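Got chain P; can you put chain X on it based on the hints?
Sequence order for the protein chains is P and X. Numbering follows the working numbering, with no gaps: position 284 of the first sequence is 284. With positions in the second sequence counted from 1, the corresponding number in the working numbering is that position plus 320.
Keep in mind that the hints were calculated from the coordinates and are not lab data. Quick caveat: nothing in here was measured; it's all calculated off a predicted structure. Glycine included, every Cβ here is placed at the ideal spot set by N, Cα and C. Hints should not be assumed to be uniformly reliable.
Claimed, not checked - If you want the footprint, here are the derived chain P segments under chain X, 3+ residues with CB under 8 Å: (1) 207 to 219; (2) 227 to 240; (3) 248 to 259.
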Amino acid sequence: MLHYFIRRMNLLIITFLVINLIAFLFQPTHDANLSPNLWLAEYWRFVGANLRGDLGISVVSGKPVAEEVLRYLPATLELCIVAFAISFVVGVPIGTLAGVYQQRPLGKFINAGTLITQSIPVFWLPLPLMMSVVSLQGWFPISGRYDLLLEIPQHTGFAMLDVFWLPESQRWPAMYSVLSHIVLPGIVLSVIPTTELVRHLTTSTAKVMEQNYVKAAATMGKSKLSIVLRHVLHNALPPILPGLGLQFGSVLTAAMVLEMVFAWPGIGRWLINSIYFEDYVAIQGGMLVIATLVITTFVVTDLFTALIHPLRRREVYALR
Amino acid sequence: MALIDIRNLTIEIDTPTGTVKAVDKVSLTLAEGEIKALVGESGSGKSLIAKALLGVTKPSWRVRADRMRLGDQDLLSLSPSQRRKILKNDIAMIFQEPSSCLDPSVEVGKQIEQAIPLSKVKGGFWRRFQWRKRQAEALLHKVGIKDHRAVMQSFPYELSDGLCQKVMIAMAIASQPKVLVADEPTTAMEATTANQILRLLHKLNKLNNTAILLITHDVHTLADLADTISVIYCGHIVESGRYDQVLGQPYHPYTGALLDAMPTHNRDLEKKAKLPTLPGAIPALQHLPIGCRLGPRCPKAQRECVVQPQLKKFKGHLYACHHPNNFQQKENG
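Isolated chain X (complex conformation):
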C-alpha cells in the first residue's frame, strides 16, 4: 500500500484580485522507501503541495482533496493537534536556505536536542539530558559531521549553508519519520556540497527506508537519486513515471523542453547557439490559458489542445498531452 496517497488535491488562494487555483487536481502516491521527485519551475505549485501535505497552510488558502492519506490515516479529517502529532513523528521537512531555518539565537546542539522526542528516551528521567546529548551527537555523526563538539556549540550564523542543511537533516531524522519532504534542499549551494547533501539523502533512504519527496527545479540534482519523477507545470501534473521513463523517453513536450534546456542533454548543439527554450514565460496564476496550460507555449499545440488533456497511462507512465512526443514511433514499432 502506498505510504502517501493524494487524490485530486486542489489548492485555491485568495488574493486581492480574486481566487486563483494554484494547484489543480494533483494526484501523488509515494510508496514506502521510495524517492519521488517533484520537478517544476518556480511558481508551479510544488512547494504548495508539500505545505498542504504537512498541513502548514495560511488562512487564505483553501485546500481540498478527494483523498489525502498517510498510511491508514486520513490527514484531512484530523484535528490540528493530531496533525501536529503526525508532523512530530511521521513527516519531516527540510528547506532551502537552511541557515535561515535554524533559530539564530540558540546553539545548534540545543536545537537538535529539542528535536529529539522525549518519548524515544530509554531509561529513567534522570538520564534524559545525557541521553539526549549523546543522541544528538550520534545524529550529527549520522549526517556526516565528524566534529560534533564544535558544531553543537556554534550558532547557526557561524556555520556554512551545507553544514546547516546537514543539521536540518539531523533534526528531521531525529524522530525517525516515515517521510522526508525535501523542498529544494540544495538551492544556492555549490556543487560539491549539494552532492554531499544528495548522497546523504540517498543513504538515509537506503538505510532507514525513509520515503523522500524531493522537490526541485533542477533535473540535474535528481539524476541518479529519484525512483520516480513527476513533472508539474502551472499546478498540473503533466507527466509522471519511473525515472528512466520520464528522463529517457519524455512524452510531454514540457518535459522534453526541460531536458533540452539542460546543456548535457544536447551535445550536438552548434557553437554559440542558444539553448533551446520554449517561447514565452510561465503564465501568471490569474491569467491561466484554458485547456492545456502549456498550450500557448507548446511547439506541438493544435486545435484539440483547448480541451484540457486528462492523464493517460501507458506502461505505468502517466502523461497529460494530446500530442505526446516520442510516442508515434513507439506505437508503430
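Looking at chain P on its own, in the form it has when it is part of the complex:
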C-alpha cells in the first residue's frame, strides 16, 4: 500500500509540475530569450509562489487572485458535491438493475434512456426544466445561491455549512433557501456523472454476474437480492470509482457553464468574466487551481479504491 501511495504521489507531483510548466509558458510576461539557468530559476520561483498560494494580483479587481478563487470556488464545489451525491443515490440502483437484467427489456430500456440523457447538451437541459417546473409552478428558484435578502456570512464558503453561523432563528429558513436554490442546478449537473456511473456500473455488474462466485452463491441457497447486495455490488462498484474521479473534471467544466445559466456565483462565472476583461493573471490562477483540484481528486479516488478493494491492491502488488 505504501508503495502504491508513493507512486500515486509521484504522479500527483509530476502532473502538478507539468501544469505549472504550461501555465508558466503561457504567461503574457514570459520572456522566451532567457538563458536556461535563469529560465529554470524563474520557473522554480513561479512554482514556489503557486505552492505558497501566491497566484498574483488581478488587474481588474486589484485583489489577490487566490483570495478571489477561495471566495468563488466553494460555491462551485458545493454544486459539484451535490451533483455527485445525487448521481450516487440515483445511479447506483439504476446501474445495478441494468447490469443484472442486461439482456431483459428493463436493462435495454435503462440503456436506451442513459444514451438519450447523455446526448442532451447540459446547457440546454435547464431551459425546459425552468420553463415547465419553475416558471409555471414556481416550485424552485432558478437563480442565485440563496434569497437576496439573506445575509449568510462567509466562513467556509459552503453555504450549507455557513448557515450554522447564523443565529438560531434564521438558521433553518436560510438552510431551506439554500437547499431549494441548489435543487435545479444540482439535478441538471448530476446528469453527467449519473449517466457515466450508470453506464460503467452496468458493464461492471454484468461482468460480475458472469463470474463463478455469483453462480456458486446461488447454489448456496441465497436469493438474487442477497447475492446482488452481498457479492455483486461490492465487486462491481469499486473498480469504476477511479473512472468517476476522472469525471470530476468534466463535471467541473459543466458546472461553469451552468453557473452562467443559473446565475450561480461560482468560479465559472468569475472565470468567464475574467476572460471578458482579459485578466490573464486571474485566468491563469483559476486554471491552475482547477487543474490541481482535478488531479488531486483523481489520485485521492484511486487511493481510496485501493484502500477498500483488495483486487485493486492485488493488481498493484502483481506489477512488482
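For chain X alone, kept in the frame of chain P given last:
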C-alpha cells in the same frame, strides 16, 4: 429409501438454432451415505444434471422429470424460496476452479462464517460472532487446514487452488448437508492435491454419512472412492452399476472404450502404439444420431442399433446396449 430419486429427467435448452435435448430421460438414485460417480465426456450433460438437481437453471432451460425427490420432498413442486431453503440446508455443491468460486474481495474467514447458518447457533445472540468464528476454525481443521489463522485472513487470490477447494468444502459442509454434489472437484489440480481432496471427500462420506454425487470425466479419480458408477454419453445413461461391476466387467462398448483409453488398463499395449480410442468425436447436440447415440462410433454397431436401446438390468447392473461387451461368455458360462 433412496435419498435422491430422479426419474426420466429431461433437459431441453433453447438455442438460436432450435431446441436441443441436452439430457434425455436420465434416471438416478442416490442412497444415504453413498458415493455415486457420474462419468462422461465434457458436453455429455453431467453438469446439467447437477444444476437441475440444485435448481440453479437458466431461463432458456426446460427441465422436466417424472420424479425428482430429495428424501420425501418433491423438488419440482417447490417454490423458489422453498428450493433455496433446501439448498441452504440439505444440498451443497463444490465446483471446478474453486478459486474463482470464492468472492475475491472478501476474506476467506468471513465467507466461511457467512456459510454457517445462524439457525445452528447455540446460546444467546451475543455469542454468535465468537461462536461463528470458532465454528469456522473447526470447519477448517476438519478439512485438513492446520494454519487456520493465516487462511482465514487471506483473500482467495492469495491461496492455492487446492486450499481454495478445501475452503469450498468447508463452506459446503458448514450446514451439514445430506448430499454433496462435487462437479469435477479436482480438475486442473496436480495429482497430490487432487488426492488430498478426494481423500477428504471420502472421509466426509464415512464420518458424516454424507452422500456424494461425484461428477467427473476422469475414471482415475474415482478409482477407489465411488460405490456406484453411472456412465453418461450424450445425455443418456449408458451404463450404471456397482463400482466393481462397471469397471471390472463393462457391458457397454463406450465404457469399455473409456477404460481402454486409460494407460493403466492396457499394459499389453505395443511400444509407441496409439491408445485405443473410438473413431470420431462426441456429436454436437444439434446433430444427434437416431437410435443409440454411440451408433456411428461404436465398433459393434449393427442394424438393430438404429433403435434406441432401453436400459436393461442384469444382476443389478444396468446397461443400454443391443450388443453388450463381456456378456456372451457370461451367459454361456
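I'd like to know which numbered hints this structure contradicts. Please list them from smallest to largest. Violated: hint 3 alone.
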